[in-house]
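Note that the protein sequences, when read in sequence, are chains A and B. Residues in the first sequence are numbered consecutively from 1319, following my numbering. Residues in the second sequence are numbered consecutively from 55, following my numbering.
Bear in mind the hints are in silico, worked out from the structure with no lab data behind them. We treat Cβ as the ideally placed atom computed from N, Cα and C, and that holds for glycine. Each hint should be verified, as a subset may be incorrect.
Unchecked claim - Only some residues are given here: those of chain B computed to face chain A with a beta carbon under 10 Å:
| hint | residue |
| --- | --- |
| 1 | Lys210 |
| 2 | Tyr214 |
| 3 | Leu217 |
| 4 | Leu220 |
| 5 | Ile221 |
| 6 | Ile223 |
| 7 | Phe225 |
| 8 | Phe259 |
| 9 | Ile276 |
| 10 | Ile281 |
| 11 | Ser559 |
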Amino acid sequence: MARVKSMKKKTKIQNTIIYIFLVLLSIIWLIPIAYILFISFHNDNSKGAMVTMPDYLTFQHYINLFAKGSQYPQWFLNTLIVALVTMVINTFFVMAVAYTMSRLRFKSRKTLMSINLILGMFPGFMSMIAIYNILKLVKLDQTLVGLTLCYTMTSGMGFYVAKGFFDTISRSLDEAARIDGATNAQIFYKIILPLSKPIIVYTLVQSFMGPWMDYIFCNVILRNKSDQWTVAMGMYKWLNTQEKVNTQFVDFFAGSVLISIPIMSVFLATQKYYIAGVTGGAVKG
Amino acid sequence: MKTLAYLDYCALPRYQQFFYKIYEFILKVIYGVWHFIKGIGIGTKKLVFRIGTSFKKMYHSFRYGDIFTKCSFFVLGISHIKRKQIVKGIILMLLEFAFIFFMIFFGAHALYKLVFVGTYGSGYICDGFDQVFETINGAWEFCDEPTKIAPDNSPKNLLYGILTILIIIGFICVYIATVNASYQIQTNEEEGKHIKSFKEDLADFFNSKFHITLLFLPIIGILLFNILPILDMICMAFTNYDYTTDFPKSYFSWVGLKNFGQLFSFGGNGFGYTFVEILKWTIVWAILATFTNFFIGIIIATIINRKGIKFKKFWRTCLVLSVAVPQFVSLLAMAQFLSDYGPLTVFIEKATGVKIYFLGKATTFTLFGHPFKVDFARILVVLINIWIGVPYTVLSTTGILMNVPEDLYESAKIDGASPITMYFKITLKYVVFVMGPSLITTFIGNFNSFGVIFLLTGGGPKTNNFYGSAGHTDLLVTWLYNLTMDTNPDYKMASVIGILIFLISSIISLILYRNSNSFKNEEDFA
């Protein structure tokens, strides 16, 4: 009996230590976020806000973002349009390629897959400047259309997660349909697509989120055209503009909070798909 | 590879085991490079073989084809039209005319331009003279009214040239396929087989040729926005393309392997020296970033998963919240907090009088009368990368940890294993087994990781010792980016780096994949 009691005591002490550890961890991981949120209500609008306590808390910075002369709403609208178009086209491309690679058997399937693997080894933005030159030739540089083309055209390469999903759908479904005289196209949109709602949702969300987070391609394609920027680009450039750093410093944090809320909620809602993407996609690739 | 059996390896003395491991590692690297070269060889062989067979088939078609099939070799589609595939025949014919038209009015010129890419800078020309004069005085000698012209548009020439070559390759493929198909329908007719009508052909694109329909647009996209730019970029590495030779200013042309020769310039702030330094740091960074994230993540995940810990979901959500915030927000804010006027620096300076440059230049401390330097930037980026990356590991390993076979622990307990041994020999081994392949992807990802460095330090602190304004925390990719997006961009060297990154990362992944457990035995974990 005594031994059981001491065991219990031991685990209790262990658990307490672990709880303390976990609380510490949570603090480390949450403090920067809490700090961003806190500063966004600071009454001072200069760099000094980071090191002084506020006299009072205010919503002024959030109002500033939508005041006259602020480009924030414009950036937001740009991003929304680009994201919606990207979402539709990317999902179509990814579904088409994933279905082909997973279900159809044709001569050059293996070759195409290995070419895709090799192309993936080139660093993504190695060819940025070439893409910029291409867009310049067709007079689409520094426009949102060009940016959208950048986001959408190569999306067919990222089919691995969706292919992994299609691989799990039983093949006997296809065969049964084929015996009933269905064509491959009919099998695709009458049988496979209705069964793949989760992966369609995942692809839609993923491709919708892309433009909200990207600042690299945006920087290359749009350069100094500030009325065409997306939110991520605008926020990134904010801290590179000397005058804005000095007089609109805290507005940056307010803008960050505002843009983070929708992205965060989408991420939290789809995190289980993210796990499937990491573990499933890598193994199947 | 000459390797020892595991038993022989165990029998070696300790220090020899160590040397053996090094020997084995070097062998693996050599084998990785060898397999890479072999892979290229096999690929070329397959390609040549395929081209050979299609030519053989073409010869066969010409030899045994009737007059219409033979005519199809010159005017595509004649054989089709003769055999009642009129629409298809006309489409093929139009395609050929379109191609010839394209070659005459555009392609030939583009190919000619590709030979030199650029031949003249901005200058003056006169009517009737091909020559471009650099000064207006030179032109005055020959004519009354010289006209000013812009320089040769080399970026455009390069792109159009590559595009033309792609189109020619595409047309040759179509040509060979059609020619062989015209013979095929001839034999079909002779044998009295059914020849498909245009309607049936169209229907095929939704059934037996559905893959062509589905892949058509994505492949066009990839060709134009991935393959064409990559080819363009590879070509740039063999030119002298930089800000002084960019279009409105001047022109660029081929220089052969000169840019790659710069790799061997080690003196001063030479390219070779900088490249080696940055490559070293990139490898250190990739290893550190991968393993710190992985092990710390697993430890935290096991602690949260421990029996008897409550609110598991809550702890996990705390961690995940930080990665749910988009990187450009959290990292930019981080960079502000750690900057020279950020709270941490200011408070530490107030308290101790030492100003620490967390993300800037190296900080000099005086300890026991001796000054010594600490480069905080490199340490800090690794630490912040842990902050960014660990939640991802926790997210993805939680499910795996729950699946560790329970009986393994029980039998280990019976054998008298301590919790620590069990953790290393069972838990960790199991997770590494399952996560192995994704760990390799993560490693390559870290090798090419961009966000953390770019947003935190932008590659800085900058140093004069490096080529092309590279900094102490620059990775190869951020350096590449800075070289292309600088105010004075250096496209040629950026493409050299790009090609090298491609070579390095494909060789690394070959080595790692070949030696990962999941590659060797796919099914069983033992």
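> Which numbered hints turn out to be false for this structure?
Replying inline: 4, 5, 6 and 7
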